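Trainee: Chain by chain, the residues run as shown.
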Amino acid sequence: MNADDLLAALREILDLSQINTDLDALYDAAADRYKKYAKARKVLDVPSPIAIVYPASVEEVSRLLVMCNEHRVNVIPRAGKTATEGGLENWKDLSVVVDSQNLDRILKIDPYNMQATVQAGVRLQDLEDKLRAMGLTTGHSPQSKPVAKFGGLVATRSIGQFSTLYGGIEDMVVGLECVFPDGHVSRIKNVPRRAGGPDIRHIAIGNEGALCFITEVTVKLFRYFGENHRFYGYLVNDVDTGIRVLREVMVNGYRPSVARVYSEEDARQHFYHFYKDKCVLLFMAEGNKHIVEATCQGIEEAVQTHAAGIIERVDSELIEGWFNHLNWSQKDIDDELAGMVENDSHAGFTTEISADWETIPEIYRNVMRRIKSEFARADDLTMLGGHSSHSYINGTNMYFVYNYTIRCAPEDELRIYHHPLQTIIVEETLRLGGSMCHHHGIGKYRSEWTVAEHGSAYYMLEKLKASFDPNGIMNFGTIFPQEEGMRYVR
Amino acid sequence: MKARWPDTYVEVVALGPLVAIPALEDLLRLGADKATLLSDPAFAGSDSLVRTRILAEYLRGVSFDCILAGAQTADGADAEVPPHLADLLALPQVSNIIRVDEASLVEGWPLVDVDEGRLQATYRIPLPAVLSLKHHHAQVLPHVSLRDSRADVGDRLHVIDNDQLGLPAHEVGTQGSLTQVVEVLDPPVRQREPRFVRCNAEGIEQVHAFLQSRGLITHTTAFSPSHVQGEQVVLVGRRPKDPPGDIRDAEILISGGGGVAGSFDELQKLAAVMGGRVTASRRAVDLGVAARAIQVGQSGRTVSPRLYIALGIDGAGQHIEGLRNIESIISVNTNRHAPICSISDIVVEGHAREFIERLCRRINEGTTAALEPH
Chain A
14 MNADDLLAAL
24 REILDLSQIN
34 TDLDALYDAA
44 ADRYKKYAKA
54 RKVLDVPSPI
64 AIVYPASVEE
74 VSRLLVMCNE
84 HRVNVIPRAG
94 KTATEGGLEN
104 WKDLSVVVDS
114 QNLDRILKID
124 PYNMQATVQA
134 GVRLQDLEDK
144 LRAMGLTTGH
154 SPQSKPVAKF
164 GGLVATRSIG
174 QFSTLYGGIE
184 DMVVGLECVF
194 PDGHVSRIKN
204 VPRRAGGPDI
214 RHIAIGNEGA
224 LCFITEVTVK
234 LFRYFGENHR
244 FYGYLVNDVD
254 TGIRVLREVM
264 VNGYRPSVAR
274 VYSEEDARQH
284 FYHFYKDKCV
294 LLFMAEGNKH
304 IVEATCQGIE
314 EAVQTHAAGI
324 IERVDSELIE
334 GWFNHLNWSQ
344 KDIDDELAGM
354 VENDSHAGFT
364 TEISADWETI
374 PEIYRNVMRR
384 IKSEFARADD
394 LTMLGGHSSH
404 SYINGTNMYF
414 VYNYTIRCAP
424 EDELRIYHHP
434 LQTIIVEETL
444 RLGGSMCHHH
454 GIGKYRSEWT
464 VAEHGSAYYM
474 LEKLKASFDP
484 NGIMNFGTIF
494 PQEEGMRYVR
Chain B
43 MKARWPDTYV
53 EVVALGPLVA
63 IPALEDLLRL
73 GADKATLLSD
83 PAFAGSDSLV
93 RTRILAEYLR
103 GVSFDCILAG
113 AQTADGADAE
123 VPPHLADLLA
133 LPQVSNIIRV
143 DEASLVEGWP
153 LVDVDEGRLQ
163 ATYRIPLPAV
173 LSLKHHHAQV
183 LPHVSLRDSR
193 ADVGDRLHVI
203 DNDQLGLPAH
213 EVGTQGSLTQ
223 VVEVLDPPVR
233 QREPRFVRCN
243 AEGIEQVHAF
253 LQSRGLITHT
263 TAFSPSHVQG
273 EQVVLVGRRP
283 KDPPGDIRDA
293 EILISGGGGV
303 AGSFDELQKL
313 AAVMGGRVTA
323 SRRAVDLGVA
333 ARAIQVGQSG
343 RTVSPRLYIA
353 LGIDGAGQHI
363 EGLRNIESII
373 SVNTNRHAPI
383 CSISDIVVEG
393 HAREFIERLC
403 RRINEGTTAA
413 LEPH
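Protein chains in written order, with the numbering used here: chain A, 14 to 503; chain B, 43 to 416.
Since the hints were made in silico from the structure, they are not lab data. Small disclaimer: the values here were computed from a predicted structure and weren't measured. Warning: the hint list may mix true and false statements.
Said to hold, decoys possible - No farther apart than 30 Å at their CA atoms in a straight line, the calculated lysine-lysine pairs in the DSSO-like style are these: (1) A:302 / A:121; (2) A:55 / B:176; (3) A:344 / B:311; (4) B:176 / B:44; (5) A:202 / A:476; (6) B:44 / A:55; (7) A:143 / A:55; (8) A:94 / A:476; (9) A:202 / A:94.
Construct the complete structure from the given sequences, taking the supplied hints into account.
Mentor: Here it is as structure tokens:
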């Protein structure tokens, strides 16, 4: 099948208005935010897809996948378009992007049973706005909330800024509907819990479009008590101290919605107005007032326990002010793009990992040491730091952030800067038993370590791919390593 | 130039430690014919005069038509080497160049555009000469591609130490230098101890006094000499800067954010009275009240005015990232907890419109005005 045949086949399934072949749109669809700089500078090195299609029903999705499966057409599922790890990047000449734009209906909000059902193309912000008017919330608030859509949020195992209370998306999804390459539609029903064998929700949650296309999602709802929000901030001696306080709060059973510690370098980016060259520890408690009171007490006690490492408390209003400016919108993304073109630079990259309490500080130290001593372009770094922003009973995450002066051609930046930095972070994390991707997904540019990430359990993942997508048409290169694509990586 | 006139011979000369080699290699990969690094541990700590002497020592031994230099050295940040060098080599020299006309340079009688504040002049320079380019000049080098970045250019790179140059040891390095650079900073703006004032007569009086004490209320005129020194440097013409001044060159910036979206045009009044330029935060640009060309911040321009007046700007980290080396910051805000207040010398608690009106009136009254009744 060639491009013309593919377009003809698409026209048999969809209306013309559902097929986008605009060259600018196709160029835009060739890569995601991983290559934001090269893309902005118009030097992308990957092929554009042949078309972007907008199915309006699960039946159309099913027919599309059957056709693509039969003709070995690569399918890139897309919803929201805020991916950062190459998950939406195209590595095949014959590709079609299946966008959930037309699957945009909120199907049901059920405040009695505390669950809401939406189609994959519903923006999180739109559902959240409706829920807030009813005194409810999804509890999910990734930075991309104003842009991100449910299909993408679920497919990438996204996490929100209040995860320490509400959990990640995997804790919120009660059921879903998805379509496999052979056209089969699976509906996982919405129940509070089940013991009906392995939890098959997790085949779809986090599949990154490499196994199936998610068409519908049902998530839990929570009561929203905006009036009870309480904020705490502290300047602390070092990242280790901050992590010890986070652990103290968590192991005592408290669930603040936000619990974070920032390195000095990272703190400067967000809290220049009060950080005084120190690490910043902060908490937010939310929920019903009794829980909030108890959580506040738990935070104060934990801080007291580690008082030796605490320098001073920060005015709560300053933390609240930060909280009120957390999310970025489509305008932020557009502005970033214009800035990259005009200034020949961008605002840096991140790599997020996780590990148990004991290991996280060691990974952090090792990464800092190795980057400073091994990274060939260390002199170009203008910022290197990190923060822990999602905590659990047994550990936490570390969000490494770095920025650098780009002294190379835009198309080479990732190979020369980001990828070598990410390699050090991933190597140290895997060596010490952590997970190389806490919440951005594997995408394409960490797929070279997928086998190392899972070890002997990769067997299970591999079998899923072989079983559900035997022809390998689903998002080629994502999650599952492909030698053919490595030319774009190294 | 190499692309258009392949016969042009370009040599890159640098003075510094061996860590400069990768940068020189990149320039060779971009087409320079030869790179020379003057490097010797004995040179460490040399001040600008000594550095110039070292460079001159080398340059006396090579032939050239023209020396192109930047504005400042990369480490010392002084802007003295090009004029010193011209002096030692007895050559004409021009600073603050924003454009060199390449064709005329090749012909041997270059036309250069020079930034003279609010004006822009064109000079014709006899060769050989030292031409030193300003920071924000129009001619930017392309990048080295990944393919080329692996090319071996070692055979065109020469490192010359003091044994080869033969300068007396006591004349170079810290021994030979009368001045020492202690530290070079391009610091992001730091926290200050702001004085909080209200937007009333008393508060405006304090703002006015502050501006006066820092010499920020004066009628500035562009430097405009009646004749040009130098025997052969010819002033070809002088005209208003074209395109109209970059906000990065302004000494006073009146900047508006989301808080002044409804009255953004008012900022121009204050800018006119103070002889400044209007700039904007991301938020103001997003709201459609300001053009992106005047946006300050990480994704906009980085500015270093002497005075930055921030009206209705919250001061996100991305905005502050665009502020460097600013002598004075005044913020006008209704929220005293706004981050920008922490880096301000004076915080005026109040509304921008009223502030502009009162300050403009106060400035126009001159220095003797008394407090108005309130």
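Trainee: Taking the earlier hints as the rules, which of them does this structure contradict?
Mentor: As far as the earlier hints go, only 7 is violated by this structure.
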